[in-house]
Structures are given as C-alpha cells and as structure tokens.
Amino acid sequence: MTEQAQPRKTVCGLGHSVKRKEDDRFLRGQGNYVDDVDLPRMLHMAILRSPMAHARIKSIDAEAAKAVPGVVAVVTGADLAAHNLAWMPTLSGDTQAVFATDKVRFQGQEVAAVVAEDPYVAYDALDLIDVDYDMLEAVVDPFKAMAAGAPLIRDEKEGQKDNSVYHWEAGDKDATERAFAAADKVVKLKTHYPRCHPSPLETCGCVADVNAGTGKVKIYMTSQAPHAHRTLFALVAGLPEQNIQIISPDIGGGFGNKVPIYPGYVAATAASLLIGRPVKWIESRSENLISTGFARDYHMEGELALKNDGQMLGLRVRLVSDQGAFFADAQPSKFRAGLFHIVTGSYDLPAAHVVADGVYTNKAPGGVAYRCSFRVTEASYLIERLVQNAAYELDMDPAELRLRNFIRPEQFPYKSATGFVYDSGDYHTALKLALEKVGYEDLKREKEAGRAAGKLIGVGIASFTEVVGAGPAKDYDIVGLKMFDSAELRVHPTGKAILKIGVQTQGQGHETTFAQIVAGELGIPPEDVLVQHGDTDNTPYGLGTYASRSTPTAGAATAVISRKLREKARKIAAHVLEADAADLEWDVDRFQVKGVPGKACTIQEIAFAAYTNPPPGEEAGLEGVHYYDPPNMTYPFGSYVVVVEVDEGTGAWKVRRMVAVDDCGVRINPMIVEGQIHGGLTEGYGIAAMQLITFDDDGNCIGSTFMDYLLPTAWETPKFETFATVTPSPHHPIGAKGVGESATVGSPAAYVNAVVDALAHLGVRNVEMPVTSAKVWEAIRQARAT
Amino acid sequence: MYPPKFDYVAPRSLDEALEVLAEHGSDAKLLAGGQSLIPLLKLRFAAPAVLVDLNRLTGLDGFRESVTHLHVGALTRHADAERSPLLAARYPLMAAAAPVISDPLVRNMGTVGGSLAHADPAGDWGAVMLAADAEVVARSRDGERTIAVRDFFRGLLETALEPTEILTEVRVPRPRGRSGGAYLKLERKVGDFATVGVAVQLELDDGRIGRAGIGLTAVGAVNVRAAAAEEHLAGAEPTAEAFAEAARLAAAAAEPSSDVRGSAEYKRDVVRVYVERGLERALALARA
Amino acid sequence: MQVTIKVNGREESAEVEPRRLLVHFLREDLRLTGTHVGCDTSGCGACTVLVDGTPVKSCTMLAVMADGREVTTVEGLVKNGQLHPIQQGFKEEHGLQCGFCTPGMMLVAKALLEAEADPSEEQIRWAISGNVCRCTGYQNIVKSVQWAAKKLAENA
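Chains as they are written, first to last, in my numbering: chain A, 12 to 797; chain B, 34 to 321; chain C, 12 to 167.
Please keep in mind that the hints were generated in silico from the structure rather than gathered at the bench.
If you want a taste of the chain C side facing chain B, the calculated C-beta under 8 Å gives, among others:
#	residue
1	Met12
2	Pro29
3	Asp51
4	Thr52
5	Ser53
6	Gly54
7	Gly56
8	Thr59
9	Thr65
10	Val67
11	Thr71
12	Val75
13	Ser140
Please read these numbers as outputs of a predicted model, since none were measured by experiment.
For glycine and all other residues, C-beta sits at the position ideal for the given N, C-alpha and C.
Next up, chain A with everything else stripped away, as it sits in the complex:
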C-alpha cells in the first residue's frame, strides 16, 4: 500500500515514440531467423523446378542423383503421392501441386527434391536429376486463357472445363446504370496493375523436425500466421495437431509473402518424417521470385460518371484477375476479389458495380500479397487515377474535384455503395494539410512557368481510404477460420508482465507497441512487459499478421484483456486498501481512494497481492486471455502529394518532393508508424517506377532475379515528408486503426498521377506501370506527333 504519493515516472503508453525493445538482438547480429536454426543431424533440401511453363512429365530419373556421396534421399511427386501429399489445399479452396505428378503448370514449379548432408552437395545432385518433359502450349495472357480453344491448364480438376476460376460481383448493377444514364461525363481508364512481388529480404524457408521418438512435429517456418498454418498442416498431413509446433522465429520481412503454405514446407516435413532427421529448406531468391505468392496482376477497366460541375454519380469496374496456375490467394473466403470493392474510395459515390473474373494461366499462383490489404492496392490505384483524369476532362483542379466529392465528416459512419461501413474519417483536413505542406498554389505557378521554359513538372495527388483489420466473424474467415485475434496477459508477483499474442511481427515492432498498449491500460512500463509471439505451443490462437490487422484485432484484444485485469486489480486494491471498490479511481498505474491522496495501491503492489493476499473468494493470480471479434473493419486514410520533374530527352523522372499525410487513428508509437509509412512509400515508388514480373509467349519468366526484378536503393528512393492527422476509430478499444499498408496502397497512384500531370498538357492521360523512362519518352513522342 502506498501511503505517500510516490514520485511517478512517466509510463510510456500510447503516443510515445518508445525506442524498440527488440532492436538489441538484431543490432548484435543475434536475430534468430529460420536459416540461423541449426539442429543436430540436420539435412538440407534443394528443390528441382520445371524449366517449362506447361509440359507433361514423361519420366524422372534420379538414380545418378541418389548416388552422389552425401545425398540421403531424392523425393519426387510419385513419392509424395504414395503418402497422399502430392496435392494440398490452398487458402482459396483450390488445390495446388506440392510436387508435379502429371504435368507442370508454370515455369519454376516444384518437381522433385534432393535431401543431402550439405547444400552444395544437394545442388550438385540436383543437376543430375533427369526429367523428360513433353512440352505443351503455354498460355500467359489471361484474355487468351479465357478464349475458346485455349489449352486447359487444370485438366486434373473434376468439372473444370475451361480456365475460369471465379466470377464475382459487388454493388448494384441497376443503380449504377441509372447513375451513368444521368451523367454529363464518363471518364474511362483501362489499366493493368502489373504483376510484382513482395520480395522481403529474407526468402521463405523452414526447418522441419519430425521426431518419431517424441511424436513431436516441430517446424521452424517463415510464417506470418503460425496457428493457421499449424491447423492446415494437421488437416493436410493428417498429423495430430497437439503434437505440431510451428515456430515462427524472427522474420526478415513478410509483406504477405509468408502467408501461403508453400510446397517446400510440405516436402521438407514429409522428408523429415520419412528420413527421421530434421530437414532444412531455404529457398533461393530466384525460387522466391519465380514460385512464391506474387502480387497484383489485375487488368482493370474503370468508368467514372460525373456531372459537369464535378459531382460524382457512379463507378463501374470490370476486372480480370490473372491467378496463375492455382487459385491460392490468401484472403477472406467470402470475397473472391478480396476487398477490391472498396474501390469507391474516399468519395461519396452513391452507385457502384464491380464485375470480377479470375483466370488460370501458366504462371506461379498468388495475387494477394505485397501490402495490398486484400486488393485495396488495386482498387485505390484505379479510383485515384480515374479521379485525376476526370479532373483533366472537366478542366478542374484535381484537388478541388476531390474536395468536392469527399465523404464529409458528418456522414460517418458511412455506408458505401458496395456495403462497407466506414468507421470514421476526415478527408478534407488531410488533403488540405498535404496541399499546405507541399505549397500547392506555388507549385501550380511553377508548373505553368516551367512549361513555357520547356520544363516538365508534375504534381500528383492520391487521397486513399483503406479498409483493414480483418475481420468481423459474420463476414470474414480464411479457410473457415474466423478472423478474431487474441491476447493472453499474465502479471507476475513482482509487477512485470508477459503478453502472448496471436499475431506475428515481421518487423512492425510488436514487442514494443503491444507492450505500450498494456502500459496504457495498466501502467506497467513497456520495458516490464515481455511480448511473445510466433510459437504456437506458447501463444493463444490467432490468424496472424498481414493486411494491417494486428493493431485492429490483437491490439484490441490486448486492450480488452488489460481492462479485464484492471477490473480484477480493482478488487484486489480494494481488499488491500480496505476500501470499497466503488470508491477507487484509476490513475495511470494505481488505484487511488477518491478524495484521499496518498492512499493508493500501485499495479506492482496489486500484482504482489494477487499472489500473497488475494481477496477471499477470488482466484489467485492476475491473468487472462481474450479473443477479440472486431465489430467492424477500421478505415485509415490519407492524402499524398508527389512532385516530379521529367527529363524530356530521356523520359527519366525524378521525385522532387513527396508529402504524405496519414491518419490511422490513435497512434501507439509515432516513430514506428512513421517507419511503416517510409517503407510503404518506398515500395509504392518501386511499384510505380520499376517493378515488373512478366513472361514471354512461351511462359518464360522475366523477373526472377534481382537483375530483372528491381528494388529501389537509397539513391533512387525519394525523401519523404510525413505528417499525421488523428481521427480515432469509434469502435476500437483504443481508437486505433491499422497502418502497415497504407503507404503501399495509396502512393503508387500519387507517383503515376505526378508523371501524367507533367505530360497532361501534351494530351497524355496514362502511362502504364512500371512507369519507365522508355514509356515516358514514348508517351511524349506519341503526344507530340498528334
């Protein structure tokens, strides 16, 4: 019991830029990434991949490979098939080959594997495996894949007669047609959001340790969703779930790349099971780029209907999604095109209709990845490009057109034309702040003056609304698993705590930010709260970290359980202080008797009492677990303004300024939020300027190494000026929204709008991503010729 008021240090809860607790091990080179795991008697697996995009497998001869000293086993599709493991379910209800048996369906597809004492030996042996392929016609264009007579890619699928994966619609077709009928202007844009790849710096991999003696299946895995993966392993491999332990140790970047289950994980586990020793599989960068979950590849046709005064009436979108050879999107099962139907964006659009078709092609599977919030990247890009072009068509300032149509603060919660209920927002303030910070009016003058002098300056705006925090049980599940998340909090007698969460950081700083949530509710300093995640034996069930869901779900769970513990703490304090529980009030880190300064019980004293002096009738201890079902998604938003200068001689463009205003509600750790924004703005720049995975007509992948798939360096990457507004989420326990993906979602359109803006006076209305100098040069040349 605290008799006198003790001098109180500031408890760094919400809003403090606490330095990261997890940094020390990384700074010392003591991070524990999957490739750092070294188990006794561990073997190394290397995967043989198909050089062809579409071919029948006639035979596989592995005898020479098996004979290489140091090789322990060679595994083929036939070997896996004998254990019913040649095929596995995907996260989208399709099936995917683990190792190809009948035919290969994309270049880079897994065909066989060598398990050896040393990776050098494994690759030597890999060279000696002889596969006899019968080449088939490959189809890489989704429109050709949809056309009659196209080669059937999924001929093994019962009832599959063509290359169609799904047809899906959202919104109101009739209302939208009426809106278009009333329009003065219809602005159209046909654009391809190209295939790119999240490419975290650490590739995917695992160490699978199936121990016949203990019955334990321990898998160290680059996983953004360890619990879901454990359950899937149990279902797919028929292994008892209580014996499976997935450990996601330190992850070197995820960005959605580490959500799917890849054939390598299954094969390594099967190999460990068959051989009886741990098996490590770490993919190379080429394997990562050619076979793991790519991102985007949406062919979109958008139409925006407006009145001459700029009022938006309706939006129509027709899209074709290139899904690759297997439908393996990691997204809520109810939505075939993810959350693309957020495409009305920040605007009060009364009518919208989206028609989406997914198609198989002879390419790697994937689509939902690279910080996309389940396809919000595609949607946000389309609407912000349409709005920019609409401004040109109406001869209106692009900022003015946006301000005219933004959803107004008093309209929240706002029900969109496609069924989303936006929780809160203040789009006008964010855009106006961005315009002020960039000096918009001066820029417009500079742009005009520049044109007279032959200088091409462009200003691009993007005002995005995100939808993150999947998600409410009634609408959101992945392979049937509801998308709640969890937090288990235990306070020790000495007042320190341990928090176990169901999400999995890959650099987002959860070990610090989640401790700050506890600090904000219970007054335990963040340095006294140990945050644990990633080990499924040791943490409550969660759906993992992707689509910016951690703070909205597990963060909420953490706040809720902290509050539950605080209620128990009240009872303990009342007992210790011999006061009435109703007479106590909470003050940062202690319960205070109302009107009696100095008569207080700190959380540390309460914790001690929980074990040494619990109230009669109360259980000892101070702990609990909460599974949080979010009532809604959260809707972070922002406005970005990019200023570029284009060199007409070469088409090269440079970002002169990049102003970003983000609103993610209450910010737990501003320093960490800003870091997330910097990273996203850089990814957005890379996507806008240089990132592309493409294929030739035979299905050969161009973009499977860093020589072709380009990541921006510190030299090209612009300098960012970041600002924030705070519009709390009314339904989130601490008013926070997700933020990890906002900048990747919102910025590509800002960059591209800027380049288009620099050329708009020449009549240019579009340059396709990646906006290379060659494309800019071509656009200028064509514009000047007409």
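Based on the hints, put chains B and C in the right spot on chain A.
Chains B and C only, in chain A's frame:
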C-alpha cells in the same frame, strides 16, 4: 547459389599465373574481382576446371603516368579509380565513369582489367577506353603484345585475348591540348546494367576539335565506337550544329536491342541526346 | 584447402572447398549468423562484411580469397559488451525494422565514417546504394548514420 566444384590455384607471381594458363588454356578461368565470374559460377552458367586467383599478384594495380600515357594496372579496383585525385584532375572521362559502375560494394572488388576482359557490352570501362583510344597489354608465357581497344572487343563476352594470356595493363594516351570528358549513364537503378551509356572525350587544338572519342555502352553486342561521329568532329569547330550531327551519327552507329529497358528506337535516341550533352559537358571542361 | 582468416580479431582456421563462399564459411562453419543471404545474383548487399576494412559482398567472394586477411562481421561491432555508436544510432533513430539488412548497413556505415567523419545525406545514400532495405525506405537509416557520426565526433 552454390558454385560447382573446381580446382583452385593462387599464384604468387605473374610468371606462375602464366604457367598455369599455358598448361590449362581454356579450361582455366581467371579470378580478379570476381564480381562477374562468381555470380556466373553461382548460377552454374560457368564451370571451369581451374580457377586462377590473381589477387595475390602485386604490382599490377594503380595509376602511373609516363610522358605519353596513363598506365592503369589491370587489378586496379573501380573504387580506386573513383577516389583517384589524379583521375579527377586530368582524366575527367574516367573520373566520371568510375563512380557509376555497378554499386559501391562491387566497385570495391571489381577491377578495370577484369571488366575489359569480361567484355560485357554493358560494361562501362569498354566505352570509356574506346573513347580514350586506349590500348591493352596482354602477357603470356611466351611474351607480351599490345592490342588497341578498338580491335579488342570481338563479340559478346569475347575479346582478342588468347586463353593463355592475361591482360596486365591498360594504356590511356595522355590527352593532347585542352581536353575534357564526360560519361553519361541511364540506368533504372544503381547496380542495374546501363540502359544506355555514352563516353565522350574531346581534345581541342587551337579552339577547334583536335580529336573526339565517342564510346557507347549497352547498345550492341560489344561496346561501340562511334567512328563516323568521331570523324565528323575531327578538325571541326565545336558548334552546336556539329555536336547535333555527331550525335545523330553516333545514334546511327548504335545497334541496341529492344528489351524491358526500352525499345531499340528509344535507346538510339537516348544515345543521340547523351552524345550531345556529353560533348557540351566535355567542351565546357576543355575550355575551363 | 586450408584457410586462415582473422574474423573479428580471432584467427580461424579450417579446411574448405575452394568453391565455398565466404558467407557460408562465416554462417555455417563459424556459426556467425549475423551476416545474411538475401539473394543469389549479388544484388542486395545483405551479406556485406568488411575485408581488411573494406565493405564487400561475402556471397561474391570465395572463402579462399579471404585467406590471410581480416574480416569484420556485425558480431565484431560490439566492444566490451557495449554497442558501437553505429549500433546505438540505429536504435535511436529507428533505422531497422525486420533487421535483415541491418548488419550490412551498419558495416558499410562503419567504413564510411572511417573515411568521412561528417558525411552529407547524399554521401550516405551513395555509400549504402549497394544495400537493399525493404522495410525502412532508407530515411531513418540515413538519420541513424548521422546520429552515429555525431556520437563518434563527441567521443573522439
């Protein structure tokens, strides 16, 4: 990611190295900086029987000026060129090119001689040495010869070197009269191969152009010498018209391929733009 | 082949195949796993170490090439259990998120600050242009190096 097996020898003297080459010929591959060779080994695109590591040899690096030439040791690292006060002062073309070769880490290991001997048409030194009208010195166990750089590049990744020869030195003629140089490189990002690279050297003779050298990167199967453009400028007044015409001729001499970096037509036009800008920059330096 | 390499001040001898990459020697043979592998075409810099004080890609160097030379890895930055000012700078200025590129970045920064005590933003960005980061957008890495430059100047 994992190189295949090979035998390895690290000779301590040039003679020892030449002896190994004489014995193994084209079964051997020379290892200098390794920034081109080791990636090829890791992708298993190369599988030499023997790797001859030249990094223990001394006296084959550095810059030395004689009366007529700048002598560049073949094992000079790109980073040494980047940092050289001598190059900054008197060889502006080389000083402009060195910093934009690949990335800083590669520049710490890669060598001038290695780059030339590798003969990737996207190599920057090749264009520079063509513009500088340099020559290389090739040693074998049986002797030594010099090869003009304009005769050195035979085809894609192919030079005039015999499998038993080691390139030991590059000799760059000291520019005559007032001179300047420039290297312009368009790349998608640091570390990418050039989309287009242009090397320009101008030597003035009493106000007129005495000699012009123009070398091109990444626009052909080899580094290209824009000979017609050079001839057009030799003896001419350094006017905007002369530069524009030279630029057009240089663009015509280029043989770019269409690829993800751009169409052939695009690359040709960038050659034209860069030659014009390069000549202006070189002229400004020459007159300074 | 027998190689002897001084790693973080300690002589390490081993029998290695000539084809063994330096990064594998460090990670697997010496169990110094702070140096990372991020790609297979020498394009990312995650494997950066210092060889005789110079930053190089250890995935593009054979272990035998480092015979008789001195190698510094990230594990060699800590002195007497204390973080090097560069490590402190990365923590102070939030210069890391997932941590995978960080060892390489810090070693490049170390070499830079030894050559240039007060580098400009441009010089820093130039120096790290061979090291890819996917998380930070480089802005806080620049600030981290600037923080370290100031700290080293204070300590001097």
